[in-house]
Amino acid sequence: DAGVTQSPTHLIKTRGQHVTLRCSPISGHKSVSWYQQVLGQGPQFIFQYYEKEERGRGNFPDRFSARQFPNYSSELNVNALLLGDSALYLCASSLEDNLSYEQYFGPGTRLTVT
Amino acid sequence: GQQLNQSPQSMFIQEGEDVSMNCTSSSIFNTWLWYKQEPGEGPVLLIALYKAGELTSNGRLTAQFGITRKDSFLNISASIPSDVGIYFCAGQLGEYGNKLVFGAGTILRVKS
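The listed protein sequences derive, respectively, from chains A and B.
In this text, residue positions in the first sequence follow our numbering: the first is 1, and each later residue adds one.
In this text, residue positions in the second sequence follow our numbering: the first is 1001, and each later residue adds one.
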């Protein structure tokens, strides 16, 4: 079975631009979460979506937004990019949004802002 | 916000040695997870712990959920070169919702 997939793999953007990152969860998984991982640190929670509804939001500015589609795939959008947005963006999926279900991560999208 | 203190920050050990790393928090977590991340990859789930005091093994890996629910440790026995990577602990809060709080990671290097 395919794991969590993310696209694109790498992306280079300029300050002020916007970016859309995509995630397809493991088949059957209804919950998708997004994390930002800056070099040398652990992942930091951005959003969680379950059944197309936002279930949680981390401490990130309004420039960050996300949505989940009927097929449970998800997009993360970041507007007005800053240099500090350069990071590995990880998507994780789980069967349900209950903490009894483990989260599985995709390979991530490496975003570089110049 | 919640923080996890993970130690040690890095380890450089001889192949065959046992490894121990731990995570502590000022908050109580309902679930503890241990992940391994290799360069250019996302974190891979190693072990999930759901009950205080629970001790779980996965091959050469053993992890425990602390009785106070504020700590967890991971042991790797008889390390091999492919154990190299960054190991993260993660805690999950609340009854619902999937927000994970991660430690800063332990970098493991194995000398063969």
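By construction, these hints were calculated from the structure, which means they are not laboratory data.
Hints should not be assumed to be uniformly reliable.
[To be verified] If you anchor each label on the Cβ, the simulated ranges turn out as follows:
{"#": "1", "chain 1": "A", "residue 1": "Asp62", "chain 2": "B", "residue 2": "Ile1107", "range": "29 to 39 angstroms"}
{"#": "2", "chain 1": "B", "residue 1": "Ser1057", "chain 2": "A", "residue 2": "Leu95", "range": "15 to 25 angstroms"}
{"#": "3", "chain 1": "A", "residue 1": "Ser7", "chain 2": "B", "residue 2": "Ser1057", "range": "28 to 38 angstroms"}
It should be emphasised that the depicted structure is a prediction, and the values quoted were computed from it without experimental measurement.
The beta carbon of each residue, even a glycine, is placed where N, CA and C say it ideally should be.
Each hint tested on the structure:
no.: 1; hint: A/Asp62 - B/Ile1107: 29 to 39 angstroms; in the structure: 34 angstroms, holds
no.: 2; hint: B/Ser1057 - A/Leu95: 15 to 25 angstroms; in the structure: 23 angstroms, holds
no.: 3; hint: A/Ser7 - B/Ser1057: 28 to 38 angstroms; in the structure: 36 angstroms, holds
Of the numbered hints given earlier, the model fails none.
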